[in-house]
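Peer 1: Generate the whole structure from the sequences, applying the supplied hints.
276 is the number that UniProt numbering gives to position 276 of the sequence shown; each next residue is one higher, with no gaps.
Possibly wrong hints are sitting among the right ones.
What the hints assert, rightly or not - In silico lysine-lysine, DSS-like type, Cα no more than 27 Å apart, as pairs:
# : residue 1 : residue 2
1 : LYS330    : LYS414
2 : LYS301    : LYS88
3 : LYS199    : LYS86
4 : LYS199    : LYS301
5 : LYS422    : LYS86
6 : LYS414    : LYS427
7 : LYS191    : LYS71
Don't read these hints as lab results, they were simulated from the structure.
Note that the structure is predicted; figures quoted are calculated from it, not measured.
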Amino acid sequence: MASRAPSSSSSAKELRPAHHANNSGTLFRNPWSSADKPTWSELLTISNPLSWYNNHDLHKHERARDIKVVKPDWGASDLKARGLKKEKCIVGTWLGHAGVMVELPLEGIQEISLKKASSRTSTGSSYPESRARHSLWVLFDPIFSTRAGPTQYTGPSRMKPSPCQVSDLPDCHAVVISHNHYDHLDLLTLKSILLRFPKCKYFAPLGNKTWLSSTGVPKDSIHEMDWWSDLELSPRDFGFEVNESADDSTVLRFTCVPAQHNSGRGTMDQGSTLWSGWVIDQFLHPKIQESDKLMVKRTRKGGVYHAGDTGIRRTAKSEDVCPIFEEIGKRLGPFDLSFIPIWRGGTLSFISYVGLRLSHQEIPSAFHASPADAIGIHEAVKSRNTVGVHFGTFIGSENESYEATIEFDEAREKQGVETLEKSSHCKNGRAGLLDIGGSIAVETEAR
Numbered sequence: 001m002a003s004r005a006p007s008s009s010s011s012a013k014e015l016r017p018a019h020h021a022n023n024s025g026t027l028f029r030n031p032w033s034s035a036d037k038p039t040w041s042e043l044l045t046i047s048n049p050l051s052w053y054n055n056h057d058l059h060k061h062e063r064a065r066d067i068k069v070v071k072p073d074w075g076a077s078d079l080k081a082r083g084l085k086k087e088k089c090i091v092g093t094w095l096g097h098a099g100v101m102v103e104l105p106l107e108g109i110q111e112i113s114l115k116k117a118s119s120r121t122s123t124g125s126s127y128p129e130s131r132a133r134h135s136l137w138v139l140f141d142p143i144f145s146t147r148a149g150p151t152q153y154t155g156p157s158r159m160k161p162s163p164c165q166v167s168d169l170p171d172c173h174a175v176v177i178s179h180n181h182y183d184h185l186d187l188l189t190l191k192s193i194l195l196r197f198p199k200c201k202y203f204a205p206l207g208n209k210t211w212l213s214s215t216g217v218p219k220d221s222i223h224e225m226d227w228w229s230d231l232e233l234s235p236r237d238f239g240f241e242v243n244e245s246a247d248d249s250t251v252l253r254f255t256c257v258p259a260q261h262n263s264g265r266g267t268m269d270q271g272s273t274l275w276s277g278w279v280i281d282q283f284l285h286p287k288i289q290e291s292d293k294l295m296v297k298r299t300r301k302g303g304v305y306h307a308g309d310t311g312i313r314r315t316a317k318s319e320d321v322c323p324i325f326e327e328i329g330k331r332l333g334p335f336d337l338s339f340i341p342i343w344r345g346g347t348l349s350f351i352s353y354v355g356l357r358l359s360h361q362e363i364p365s366a367f368h369a370s371p372a373d374a375i376g377i378h379e380a381v382k383s384r385n386t387v388g389v390h391f392g393t394f395i396g397s398e399n400e401s402y403e404a405t406i407e408f409d410e411a412r413e414k415q416g417v418e419t420l421e422k423s424s425h426c427k428n429g430r431a432g433l434l435d436i437g438g439s440i441a442v443e444t445e446a447r
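Peer 2: Here's what the structure looks like:
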C-alpha cells in the first residue's frame, strides 16, 4: 500500500517556528513546558497564598530597601563618584517599572553643532553640550502615565510617580518595546515621544506594527521582528554624522530574543502579538591590511540586554526551568549591562492595597520571574551587571517593594553575585537595584 503524502497544512506546521501557533504568524505561544499550567503534583505543594502584611515586619528587615524617586542626572553623579570616563561607559537609568533609558557612547562620530543636533527634536534642545551628541539614546518599555490601562481612569495606578517626563529626556533615537501589555506599551507616552522626537525609530516584536502606525508613527520608522532576528544599522541611520575614516566601521545590532510571557490588550487579542526581550550590541569593524588582502576584524564594544517581562518556571517550586536564557547567553552573551524583571505586574496590586500579602511562592508564576529567578537569569545570560526592574512602581503598598528588594538581595548573596557597589570585575558579576530615576555607569569590555 502506497504511503500517503503529508497534507499541506501539516507540512506548514512542521516548517513554522515552534512559537508560532498558526501558519499566518498572527498567533503566538510559549514553546516550552516551563510555561505550561502547573502539574497536579505541583498544585498539591501550593498552600494558601494570602496572609496579612501586618504579620510580616518587612520594613524592619535588614535587607529591605526604600526605593526613592529621584530626578535623573543620566549618570553624571555615578560617573563622577566612580571616576569613570564617559566615553568608555554605558549608562542605564531606571525610569520606573520596566522603563529604562540607556546611553551608548558611539565610535567615529563627528562633532555636531548644538544647533544641528537640536534640530532632531521638534521643541527645544535635547543635547547636553558635552555628552548626548556622541551617544545613542535608547528607551525601553517607557511609561510616564499615571495609570497602566486603556484610559487614565482605569488600570493599575502608580504608587511612585514618574521621575521625569518625555520633555525632560536628553534625547531619544530608538524606542524598544517588549510586548503590548499596557504597562509596557503606553499610548500617551508614545504620542509624547513622537511629538518630541519625530525621527525616532521603533523596535517591536511581530504583530505590533499596525498598532504603532495607528498612533501616528511612520511605518518606515517601525522595525517589527521575530525571535532571533536581528537588524544592523549604522550611526548614520540614526541621524549621526560619521567620520569618513570610520564610515561603515561602526554597526549597531538590534536582536529580538525570546521571553516566556504573553500578550494582549483585551480579551479578544490574547497571544495575537509576540512578546520578547532585546539585545543591543555595538560592533567596530577596523580594516586591517594583511599582505595583499584587506581584512575586517569585528570587535564588540558594548552589549545591553533588556529581558522585557518574563517568567522562568511554572511555580516557584518547579524544577522545569525555561532553557532560553542559557541559549541567549551562549548566542549573544556576555552582556555589559542587563535589566531583568523581579516582580509581577500591577494587575493584582489591589490585594496589597487592602493589606493582604499575595505570596508568589504559592501561585502559578510562568509569566513573571521571582527575585530569585531574576538572579538565575543574570547567571544564565552571562550578565556582568544586572539591574532589577519591574517592581516598586504599580503596586498597592510599599510592602510589595520591600518584599522584592529583600528576596532579590538574599538570592544575590546566595549565588555569590556581588552588589553594584563592588568592583566591576567580579567572577559571577554584579546585581542590584536603583532608585527610580537613578543611574548606573558600567565600563564596556571589547570582545
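Peer 1: Each hint needs a verdict: does it hold in this structure or not?
Peer 2: Each hint, compared with the structure:
Of the supplied pair hints, the one linking LYS330 and LYS414 holds, its CA atoms being roughly 24 Å apart against a limit of 27 Å. At roughly 9 Å between alpha-carbon atoms, LYS301 and LYS88 fall within 27 Å of each other, so this suggested pair holds. Distance hint between LYS199 and LYS86 is fulfilled; the C-alpha atoms sit about 25 Å from each other, no more than 27 Å. Of the supplied pair hints, the one linking LYS199 and LYS301 holds, its CA atoms being roughly 25 Å apart against a limit of 27 Å.
Under the criterion of a C-alpha separation no larger than 27 Å, the hint pairing LYS422 with LYS86 is consistent with the structure, at around 19 Å. A hinted pair counts as satisfied when its Cα atoms are at most 27 Å apart, and LYS414 with LYS427 qualifies at roughly 14 Å. Simply put, LYS191 and LYS71 have alpha-carbon atoms about 23 Å apart, close enough for the 27 Å limit, and the pair holds.
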